[in-house]
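Start from chain A and add chain B according to the hints.
What follows is each chain in one-letter form.
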Amino acid sequence: MLKRILNIFARDLKINSREFITLYIMIIPLVMAVGINFISPSINDTTVNLALIKDENLEQAGYFDDFAHVELFDDRQGVENRIMARDDVLGVLPEGDGYYILTQGNEPGFIKEYAKLLNVLYESDVQLEDARSEIVEFGRTVPPLKKRLVNMLLLLISMLAGMLIAMNILEEKMDKTVSAINVTPTSRSAFILGKGFTGMFVAVVSSIACILITGFYDVNLGQAALVIFSTTILSLIIGFLQGLNSNDIMEAAGSVKLLFLPLGGSVAGYEFVTGNWQIFFWWSPFYWAYRANDNILSKSGTWPQLLLFVGIILAICGVVYALLAPRIARKL
Amino acid sequence: MKLLSSFKKELILASRSFYFYIELGSALVILAVLLLAVPENFSTTTTQYLYLGFPQAEKEMYVDTVLESESGVESEMVEIEAGGKTYDAQLITTDGEEIYIVDSEEAVEKLAYEKQAPGAVVKLDNSNQLSFKYYLQGYESTRLKNLISIMFNKDIGTLEEQIKNQEIRSLTADYEPINDRENTIPPIISFSSGLMGMFILASYIFLDKKEGVIKAYAVTASSVWQYLMSKIFVVSLTSVISGLIITMPVMGFRINYGLVLLLLLTTGFFSSSLGLLISSFYNDLMKAFGVIYLLVILFMVPAIAYFIPGWDPFWIKLIPTYPLMQGFKEIILPKGDIIYPLIASAGFLAAGVILFAVTNIRFKKTLSV
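Top to bottom, those sequences are chains A and B. The numbering of the first sequence is my numbering, which starts it at 477 and goes up by one. The numbering of the second sequence is my numbering, which starts it at 19 and goes up by one.
Just so you know, these hints were derived from the structure itself, not from any lab. A portion of the hints provided could be inaccurate.
[Claimed, not checked] Pairs of lysine-lysine, DSS-like flavour, derived with a Cα cap of 27 Å:
(1) A:652 - B:383
(2) B:305 - A:490
(3) B:172 - A:588
(4) B:353 - B:233
(5) B:382 - A:592
(6) B:227 - A:588
(7) A:649 - B:233
(8) B:383 - A:592
(9) B:383 - A:588
(10) B:163 - A:775
(11) B:305 - A:649
(12) B:26 - B:77
(13) B:305 - B:382
(14) A:652 - B:227
(15) B:133 - A:775
(16) A:652 - B:233
These numbers come from a predicted model, not from an experiment.
Okay, chain A solo, but in the shape it has when bound (with noise of 0.2 Å):
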């Protein structure tokens, strides 16, 4: 049975790396791995923005580039123009001895307020040099923010290689094959594996890839394994419901789109929704897997936790198949 599943796995793997479709599976959430590692110290690096006079007091705005972004203006006007611009910038303009701050009026409140203290400091003459406060760092060089994009690749490399699953299969509905199988000595479950194997192997080796490229090299990688493979189960569950349920490419397409809905609505209540109204998304595996990975991602997972999740996943898909298995038997 292993040597069949092998064969069918052998198979896809040829028969994709001839469409450049397992390459580009692979290859994209390797690009924007990349791209993370490009747009994340920027965004860490935002505090408050704030719009000066040029030449008005060269000094203050010294002082303020320590603590925050500053820009530039000939003139009144020109600070005006770009705190009215689509993004969060304040003006510190000068009135009578003074500066008063200038919004555009729509800004969250602890920007005005780091603004405000910014520069009663300033006027203050409280100087970097005085600090009195120590500060002791733990040394975690990776911000919160890169964590959860990394955690939502990791959730998108599984649904495109559940992707990739649907279309081996819907190559096999397309090419009148499916039905062939019946007839050779080939097992329905050794084939379910043997599609599922490319997308697995693809998730898993992609998985562990996009970790290290974002600098989680001291992450659990034992964890993460265990988690990558309990979202590649998921996976094969997906794409099997996308590529039986799929009469052409077309549909199949359409029903990404539905995956995106449970993909996206577990990461927005884990991250946005507090307290008792994540209730709502327990049904998700998604949502179990996100909170594993921001558990293994974040050191802080133990194992009988992990395990918890990962058993919360297995079950969900298990129950799911159970529920699917006369149509995927159909199907087939």
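For chain B alone, coordinates are given in the frame of chain A:
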């Protein structure tokens, strides 16, 4: 006339395909999630761990000051676990903050490390002045660390008084914010209705290529551009319907639907034309997959800038989804800028026309790829 009959035919075919109903179904699911699972305002809470190295009476004075600072501030005794140890703490919960006051400096350090949240130790130094020690994770920006290091160089009371007196003026006094649920609509519409057009239209064309429909047009009285345009109409119509399904129940009649329609149609036209152009270079979806997927991912990046308005680099404004999301936001803002969505629509229309013209030339030349 031929265009109209082509459009009618495509519409009938679409209404018989599963895809059309997936589009409408997913719009209804998004709507249900928005209305039932997304709160009007996301409550994000920050956690801090604090040790006050003062005599008990002064500690209590500090806690009383915090409790009286605003309404709704609560205090309770709790136990927190970190690194296998349990610590007693007084938890003070404010609107967006949870402050745990613990009994030792060691507890602050352990909790800040294990829970990955900031910690602070405030003590009196030899000259009876307040001294601060902060525990940070290490990824905080240098600018933020600079601010933290001098923030309390001044007497706290004086600092608060000065901040309160700091004058702040606004250029638009009548700004009315939208809630968090409404704020999620522009990115959802942008991806769900606007840009999926690219993916869907390319899939449509590949299907027709496989079935030889495009080649068959060579022997009909109809021209290729009419065939392509009728496809665009169908995809745009689907995106308009799904966009309205999501927007109308959430926003009601408070927004200008003329502008919504205009932006949806023009972005639908633009993204469909882009999908057409991509499909003119490849034989099937599998080969075009890489380009389409990279574009979809690229188009998602402006969503980061949308949710982090302080991060808005120039290059991100060049990605079409940026004006798309910002245009939708202006439409749903109570006193939003009308000019911006109009200019964005004009831009999408112009770009769509150019892409369509190029695609038409390519299809006319090859009748397949």
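Here's how the hints hold up against the structure:
1. Restraint check: the Cα-Cα separation between residue 652 (chain A) and residue 383 (chain B) comes to about 33 Å, which exceeds 27 Å; the hinted pair is violated.
2. At roughly 15 Å between alpha-carbon atoms, residue 305 (chain B) and residue 490 (chain A) fall within 27 Å of each other, so this suggested pair holds.
3. Straight-line distance between C-alpha atoms of residue 172 (chain B) and residue 588 (chain A) comes to about 20 Å, which keeps the hinted pair within the 27 Å bound.
4. Between residue 353 (chain B) and residue 233 (chain B) the alpha-carbon distance is near 51 Å, which puts this suggested pair outside the 27 Å criterion.
5. Straight-line distance between C-alpha atoms of residue 382 (chain B) and residue 592 (chain A) comes to about 62 Å, which puts the hinted pair past the 27 Å bound.
6. Under the criterion of a C-alpha separation no larger than 27 Å, the hint pairing residue 227 (chain B) with residue 588 (chain A) is inconsistent with the structure, at around 57 Å.
7. Restraint check: the Cα-Cα separation between residue 649 (chain A) and residue 233 (chain B) comes to about 25 Å, which is no more than 27 Å; the hinted pair holds.
8. Distance hint between residue 383 (chain B) and residue 592 (chain A) is unfulfilled; the C-alpha atoms sit about 63 Å from each other, more than 27 Å.
9. Taking the CA atoms of residue 383 (chain B) and residue 588 (chain A), the gap is about 58 Å. The hint is violated against a cut of 27 Å.
10. For the given pair, residue 163 (chain B) sits about 23 Å from residue 775 (chain A) by alpha-carbon distance, which is consistent with the 27 Å threshold.
11. Restraint check: the Cα-Cα separation between residue 305 (chain B) and residue 649 (chain A) comes to about 19 Å, which is no more than 27 Å; the hinted pair holds.
12. Between residue 26 (chain B) and residue 77 (chain B) the CA atoms are separated by roughly 76 Å; this puts the pair beyond 27 Å, and the hint is violated.
13. The suggested pairing of residue 305 (chain B) with residue 382 (chain B) holds, with an alpha-carbon distance near 21 Å, which does not exceed 27 Å.
14. For the given pair, residue 652 (chain A) sits about 19 Å from residue 227 (chain B) by alpha-carbon distance, which is consistent with the 27 Å threshold.
15. Proximity of residue 133 (chain B) to residue 775 (chain A) is assessed by CA-CA distance (about 10 Å); at most 27 Å being required, the pair is judged to hold.
16. A threshold of 27 Å between alpha carbons decides the hint, and for residue 652 (chain A) with residue 233 (chain B) the separation of about 25 Å falls inside it, so the pair holds.
Violated hints, in rising order: 1, 4, 5, 6, 8, 9, 12; the structure is consistent with all others.
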